[in-house]
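**Q** Residue 26 in this note's numbering sits at position 17 of the sequence shown; the count goes up by one each step and never skips.
Keep in mind that the hints were calculated from the coordinates and are not lab data. Bear in mind that the values here come from a model prediction, so they are computed numbers and not experimental data. The reader is advised that the hints may include incorrect statements.
List of simulated lysine to any residue pairs, SDA-like, C-alpha gap at most 20 Å [claimed, not checked]:
(1) Lys33 <-> Val47
(2) Lys61 <-> Gly26
(3) Lys33 <-> Ile46
(4) Lys42 <-> Val53
(5) Lys35 <-> Cys25
(6) Lys42 <-> Cys25
(7) Lys42 <-> Tyr29
(8) Lys61 <-> Gly45
(9) Lys61 <-> Val19
(10) Lys61 <-> Val14
(11) Lys42 <-> Tyr13
(12) Lys42 <-> Tyr30
(13) Lys42 <-> Lys61
(14) Lys35 <-> Tyr13
(15) Lys35 <-> Ile23
(16) Lys33 <-> Leu17
(17) Lys33 <-> Val50
(18) Lys35 <-> Leu24
(19) Lys33 <-> Met22
(20) Lys61 <-> Met22
(21) Lys35 <-> Gly49
(22) Lys61 <-> Val50
(23) Lys33 <-> Ile43
(24) Lys61 <-> Ile23
(25) Lys61 <-> Met10
(26) Lys42 <-> Gly20
(27) Lys61 <-> Tyr13
(28) Lys61 <-> Ile21
(29) Lys42 <-> Leu52
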Amino acid sequence: MLFYVCGLIVGIMILCGGLYYLIKEKEDSESAKIYGIVAGVGLVITVFILVKWFVL
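Take these sequences, add in the hints, and give me the full structure.
**A** What follows is the structure, encoded as structure tokens:
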């Protein structure tokens, strides 16, 4: 249970950080691409942990 909570917190933090900097640096296309990928990784981690938590 602790693993799921920690994983969920980490995933949400990565997602929020990526989205924050994506909005902040939207004029720079290369930075926007990098932060978009970071936000996507955070979303994948969050969804994976939620699915694993509720299925198992």
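**Q** Compare the structure with each hint and give your call.
**A** So, going through the hints one by one against the coordinates:
no. : hint            : verdict
1   : Lys33 <-> Val47 : 14 Å, holds
2   : Lys61 <-> Gly26 : 23 Å, violated
3   : Lys33 <-> Ile46 : 15 Å, holds
4   : Lys42 <-> Val53 : 16 Å, holds
5   : Lys35 <-> Cys25 : 15 Å, holds
6   : Lys42 <-> Cys25 : 15 Å, holds
7   : Lys42 <-> Tyr29 : 13 Å, holds
8   : Lys61 <-> Gly45 : 24 Å, violated
9   : Lys61 <-> Val19 : 15 Å, holds
10  : Lys61 <-> Val14 : 11 Å, holds
11  : Lys42 <-> Tyr13 : 29 Å, violated
12  : Lys42 <-> Tyr30 : 11 Å, holds
13  : Lys42 <-> Lys61 : 28 Å, violated
14  : Lys35 <-> Tyr13 : 32 Å, violated
15  : Lys35 <-> Ile23 : 18 Å, holds
16  : Lys33 <-> Leu17 : 24 Å, violated
17  : Lys33 <-> Val50 : 18 Å, holds
18  : Lys35 <-> Leu24 : 16 Å, holds
19  : Lys33 <-> Met22 : 16 Å, holds
20  : Lys61 <-> Met22 : 18 Å, holds
21  : Lys35 <-> Gly49 : 16 Å, holds
22  : Lys61 <-> Val50 : 16 Å, holds
23  : Lys33 <-> Ile43 : 13 Å, holds
24  : Lys61 <-> Ile23 : 18 Å, holds
25  : Lys61 <-> Met10 : 11 Å, holds
26  : Lys42 <-> Gly20 : 19 Å, holds
27  : Lys61 <-> Tyr13 : 8 Å, holds
28  : Lys61 <-> Ile21 : 15 Å, holds
29  : Lys42 <-> Leu52 : 15 Å, holds
Hints 2, 8, 11, 13, 14, 16, counting from the list given before, are not met by this structure.
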